[in-house]
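Asker: I would like the entire structure built from these sequences, with the hints used as guidance.
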Amino acid sequence: MEDKYTFLVSIKMILHEIEELSAFIKESSPCCEMLTERLDELSAFVMNETNERRWGLWGSDLEISKYSAMLREASSAAVSALEKHQSVCTAENKADMSDYFSALSASVKQDAASCGISVESKVFFIGSGAFPLSALTIARETGAAITCLDIDEEAVVMGRNIAGLSGLREVNFTSKPVAELPSIKEATHVMIASLVKEKKEIIDELTSILPNGAKVILRYGNGLKSIFNYPFDYSPDSDWKTETIHQEGRFYDTLILEKQVPARAGKEMEYS
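The sequence shown begins at 44 in my numbering and counts up by one.
Watch out, some of these pointers could steer you wrong.
As the list claims (entries may be wrong) - If you anchor each label on the Cβ, the simulated ranges turn out as follows:
1. ASN215 / VAL52: 41 to 47 angstroms
2. VAL131 / THR287: 34 to 40 angstroms
3. SER103 / PRO225: 27 to 33 angstroms
4. SER157 / LYS240: 24 to 30 angstroms
5. ALA222 / GLY256: 44 to 50 angstroms
6. VAL131 / SER218: 44 to 50 angstroms
7. ASN136 / LEU105: 18 to 24 angstroms
8. GLU70 / GLU244: 21 to 27 angstroms
9. LYS240 / SER53: 33 to 39 angstroms
10. SER157 / TYR48: 38 to 44 angstroms
Hint data in this document are derived by calculation from the structure and do not stem from the laboratory.
Predicted model, so just to flag it, every value in this text is computed and none were measured.
All C-beta atoms in this analysis are idealised placements derived from N, C-alpha and C, irrespective of residue type, glycine included.
Answerer: Structure follows, in structure tokens:
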């Protein structure tokens with residue numbers, strides 16, 4: 044028998060563990076490892092068919108909604124903290140990055156090919172984080188010009204250090220908002236991370252900036268997946284041709300938007 048409260052308790056238990064472990068990852072390597080395991084469990088939780096059915100029954104319940112939103116914020120903060128921890132450890136130990144690249148190479152090549160990213164592309168990553176492995180792997184595998192954006196200045200510094208350690212010093216890093224980057228007007232691709240909150244605002248801004256034919260690759264999670272991703276339930280206007288990709292075995296979905304009309308004058312806005 045389905046029960047709302049067992050579903051609620053499971054959400055609250057994951058939330059509690061993630062919050063507690065996040066408080067100690069700088070002091071405790073075992074806590075860091077356990078937090079990674081809990082985030083892996085969360086990714087499995089949002090792809091579970093039973094939980095999907097439960098969400099269909101109670102996803103709009105006030106308590107479920109409240110604790111799901113709290114879990115999303117906690118998991119987002121935990122991912123950021125883990126990336127910074129991994130970035131610091133990698134830089135301090137001068138670790139060989141080849142193993143990281145090897146692990147991602149096949150999937151990144153597939154994603155890059157499906158989006159038309161090549162050596163001639165100019166790609167902007169919004170929400171690149173302190174350990175921007177996907178961005179660096181695309182730079183390494185395709186030779187595309189890469190710019191990483193993150194509003195967290197500490198993450199920008201750490202990401203730049205990892206790029207240098209990887210021999211990819213030509214990758215650019217900035218904490219500036221989209222409106223302050225003249226070069227984005229020449230972008231062929233913009234990739235927006237699933238844990239970027241202001242997706243709608245950024246898409247609205249890019250509508251007036253990007254050239255015709257540019258693509259935005261937006262990762263998001265609606266419904267149950269919104270527990271581990273910021274959602275995107277907004278229909279872009281007719282300036283965009285859209286394609287939704289539901290990828291089996293991934294805890295997020297992908298929306299590809301292609302600019303259809305020439306850029307027009309528009310209001311600039313910042314995101315935070």
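Asker: Indicate, hint by hint, whether the structure satisfies it.
Answerer: So, going through the hints one by one against the coordinates:
{"no.": "1", "hint": "ASN215 / VAL52: 41 to 47 angstroms", "verdict": "holds, 46 angstroms"}
{"no.": "2", "hint": "VAL131 / THR287: 34 to 40 angstroms", "verdict": "holds, 37 angstroms"}
{"no.": "3", "hint": "SER103 / PRO225: 27 to 33 angstroms", "verdict": "violated, 43 angstroms"}
{"no.": "4", "hint": "SER157 / LYS240: 24 to 30 angstroms", "verdict": "holds, 26 angstroms"}
{"no.": "5", "hint": "ALA222 / GLY256: 44 to 50 angstroms", "verdict": "violated, 21 angstroms"}
{"no.": "6", "hint": "VAL131 / SER218: 44 to 50 angstroms", "verdict": "violated, 18 angstroms"}
{"no.": "7", "hint": "ASN136 / LEU105: 18 to 24 angstroms", "verdict": "violated, 47 angstroms"}
{"no.": "8", "hint": "GLU70 / GLU244: 21 to 27 angstroms", "verdict": "violated, 36 angstroms"}
{"no.": "9", "hint": "LYS240 / SER53: 33 to 39 angstroms", "verdict": "violated, 24 angstroms"}
{"no.": "10", "hint": "SER157 / TYR48: 38 to 44 angstroms", "verdict": "holds, 42 angstroms"}
Hint compliance for this structure: hints 3, 5, 6, 7, 8, 9 are not met, and every other hint is.
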